[in-house]
Amino acid sequence: MMILIPTWDTFLQAVANGLTLGSLYALVAIGYTMVYGILRLINFAHGDIFMMSMYFAFYMISIFYLPWYVAFLIVIVATGLLGILIERAAYKPLREAPRISLLISSIGVSFLLENFAVVAFSGIQRQYPSIPFFQNVISLGSVRVQRLSIFVPIIMAVLVVGLLFLVNYTKTGMAMRAASRDFETAKVMGININRVISMTFLIGSVLAAVGAMMWGMKYPQIQPYVGVMPGLKCFIAAVIGGIGNIKGAVIGALILGMLEILITLFFPGLSGYKDAIAFIALIVILLVRPTGLLGEKQAEKV
Amino acid sequence: MIEVENLKVNYGGIEAVKGISFSVPQGDIVTLIGANGAGKSTTLRTIAGLVKAKSGSIRFMGEEILGKDTVDIVSRGITLVPEGRRLFPDLTVMENIKIGAYLRKDKLDDDIEWIFDLFPRLKERHWQLAGTLSGGEQQMLAVARALMSRPKLMMMDEPSLGLAPLIVKGIFRIIQEINQRGVTILLIEQNANMALRIADMGYVMETGAITLQGPGKELLVNDEVRQAYLGS
Numbered sequence: 001m002m003i004l005i006p007t008w009d010t011f012l013q014a015v016a017n018g019l020t021l022g023s024l025y026a027l028v029a030i031g032y033t034m035v036y037g038i039l040r041l042i043n044f045a046h047g048d049i050f051m052m053s054m055y056f057a058f059y060m061i062s063i064f065y066l067p068w069y070v071a072f073l074i075v076i077v078a079t080g081l082l083g084i085l086i087e088r089a090a091y092k093p094l095r096e097a098p099r100i101s102l103l104i105s106s107i108g109v110s111f112l113l114e115n116f117a118v119v120a121f122s123g124i125q126r127q128y129p130s131i132p133f134f135q136n137v138i139s140l141g142s143v144r145v146q147r148l149s150i151f152v153p154i155i156m157a158v159l160v161v162g163l164l165f166l167v168n169y170t171k172t173g174m175a176m177r178a179a180s181r182d183f184e185t186a187k188v189m190g191i192n193i194n195r196v197i198s199m200t201f202l203i204g205s206v207l208a209a210v211g212a213m214m215w216g217m218k219y220p221q222i223q224p225y226v227g228v229m230p231g232l233k234c235f236i237a238a239v240i241g242g243i244g245n246i247k248g249a250v251i252g253a254l255i256l257g258m259l260e261i262l263i264t265l266f267f268p269g270l271s272g273y274k275d276a277i278a279f280i281a282l283i284v285i286l287l288v289r290p291t292g293l294l295g296e297k298q299a300e301k302v
Numbered sequence: 001m002i003e004v005e006n007l008k009v010n011y012g013g014i015e016a017v018k019g020i021s022f023s024v025p026q027g028d029i030v031t032l033i034g035a036n037g038a039g040k041s042t043t044l045r046t047i048a049g050l051v052k053a054k055s056g057s058i059r060f061m062g063e064e065i066l067g068k069d070t071v072d073i074v075s076r077g078i079t080l081v082p083e084g085r086r087l088f089p090d091l092t093v094m095e096n097i098k099i100g101a102y103l104r105k106d107k108l109d110d111d112i113e114w115i116f117d118l119f120p121r122l123k124e125r126h127w128q129l130a131g132t133l134s135g136g137e138q139q140m141l142a143v144a145r146a147l148m149s150r151p152k153l154m155m156m157d158e159p160s161l162g163l164a165p166l167i168v169k170g171i172f173r174i175i176q177e178i179n180q181r182g183v184t185i186l187l188i189e190q191n192a193n194m195a196l197r198i199a200d201m202g203y204v205m206e207t208g209a210i211t212l213q214g215p216g217k218e219l220l221v222n223d224e225v226r227q228a229y230l231g232s
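First to last, the protein sequences are chains A and B. Take 1 as the starting number for the first sequence in our numbering and just add one per residue. Take 1 as the starting number for the second sequence in our numbering and just add one per residue.
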């Protein structure tokens, strides 16, 4: 196998790309980890919520000619509502059911969204609109990147800091952490479980929407199954970081994004296996550290 | 304050509570004693709305609460100190105290001060994760958490379970102190001796039915109770 020694500039360029890709993964991975934290559910529909967001943006900008900032606002609201709607329709009725039923229901929602997209948006590939504001190329020293590459990590970082503040230092966040541990006792405290769960889906979907809108600018071909691979990879990122842990999801996503870009940089011969890297990483982490890097500690005094 | 009438509850495929009736007058301590599986916990959990009843009636301050949602019941001034404490282990002691007051919108400072007077140990450890406390401290925290909602009725499910005798004494002293401050108490215990000593009224439950009832002091000297629950 050939190892390519890149120039310093190419290397920096790749690191910048890895950071951008990792940040996009992080925005989606948080949704997986938060929903798992509260419902112990791997929400298979999350990747398809991501796909729906891209279509929403496509319609708002390319069909209805809305300015991108207005469109983005609508997309965020619409995706948030979609997340809540899915929870109400497909998961809430199964609150008392065994967890496997919930999982099957989420797979059902995933297929439903994909097929809905085929029917409603047609299966042909569409071109995500280009937004010059984000896509203009700027130079940082000798590295030339799209403005997007700078914005994505910053937006991700701001949102994550905000989210961590919400979860750790507000009353709502306290209710979320309590409910994620023990529904019944949380109810006795007066916490409205359904509202907490809706809130979780709202946050996860909104972050996925932000990720999707940026993703579209970087990878502009969209079709109804566009959410499948990013969805799987972001789920893996959440597992690597320790599912249920928000910081873990971010770290896992950044590692995964960086790995993908750097491995294809150093081993161009492996670029065909780009998508396999995440799955290999998953197998390795499950063998070495099944609870993930920041996985929940099981030790607990009763 | 609370009247339970002809309450029947099916739980896990069996009739766990077979038509019991009892009442808790305002300001009293009432205890339900009985062996494991007698249906005591199910009764409390039904009052709290965590378990659905088959039939009967539970009236709190004159209003029917059977079939109401737990959050609704709790907001009327009922709280439960659950069996096995059920703290939130990865929240701090302080957060566990504050979450007890989740439904309140007013200032908590005075209440927290009172709680720390009652349980100085919790003040020392307010920054620790609740999961790291000892059994006795966890029970104190569970009581503290329940008090933060300013309950009218506090239901306690086996507060002495798994605690050393000296600590049990302390817990019971605090139950009386709380009661003197006007909180009505419904207490479930296997430790019949301690419970009957502080109770105004006691009910003995056996396999889902109430078989004996009377003032705590009387049950304490009752031959059947002594043989079955006091081991003498």
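Hints should not be assumed to be uniformly reliable.
Just some of the chain B residues that point at chain A, by a computed CB distance under 10 Å [stated by the list, open to error]:
1. A48
2. L50
3. P82
4. W127
5. S149
6. L163
7. A164
8. I167
9. V168
If you want a taste of the chain B side facing chain A, the calculated C-beta under 8 Å gives, among others [claimed, not checked]:
10. V71
11. T79
12. R86
13. M94
14. E95
15. I99
16. G100
17. Y102
18. L103
19. I171
20. F172
21. V221
22. N222
No lab work stands behind these hints: they were computed from the structure. Note that the coordinates shown come from a computational prediction; the quantities given were computed from them, not determined experimentally. All residues carry an ideal CB built from backbone N, CA and C; glycine is no exception.
Tested hints:
no. : hint : result
1   : A48  : 6 Å, holds
2   : L50  : 6 Å, holds
3   : P82  : 6 Å, holds
4   : W127 : 14 Å, violated
5   : S149 : 7 Å, holds
6   : L163 : 13 Å, violated
7   : A164 : 16 Å, violated
8   : I167 : 16 Å, violated
9   : V168 : 18 Å, violated
10  : V71  : 5 Å, holds
11  : T79  : 7 Å, holds
12  : R86  : 4 Å, holds
13  : M94  : 10 Å, violated
14  : E95  : 6 Å, holds
15  : I99  : 5 Å, holds
16  : G100 : 6 Å, holds
17  : Y102 : 5 Å, holds
18  : L103 : 4 Å, holds
19  : I171 : 17 Å, violated
20  : F172 : 22 Å, violated
21  : V221 : 36 Å, violated
22  : N222 : 33 Å, violated
This entry does not satisfy hints 4, 6, 7, 8, 9, 13, 19, 20, 21 and 22, going by the numbered hints stated previously.
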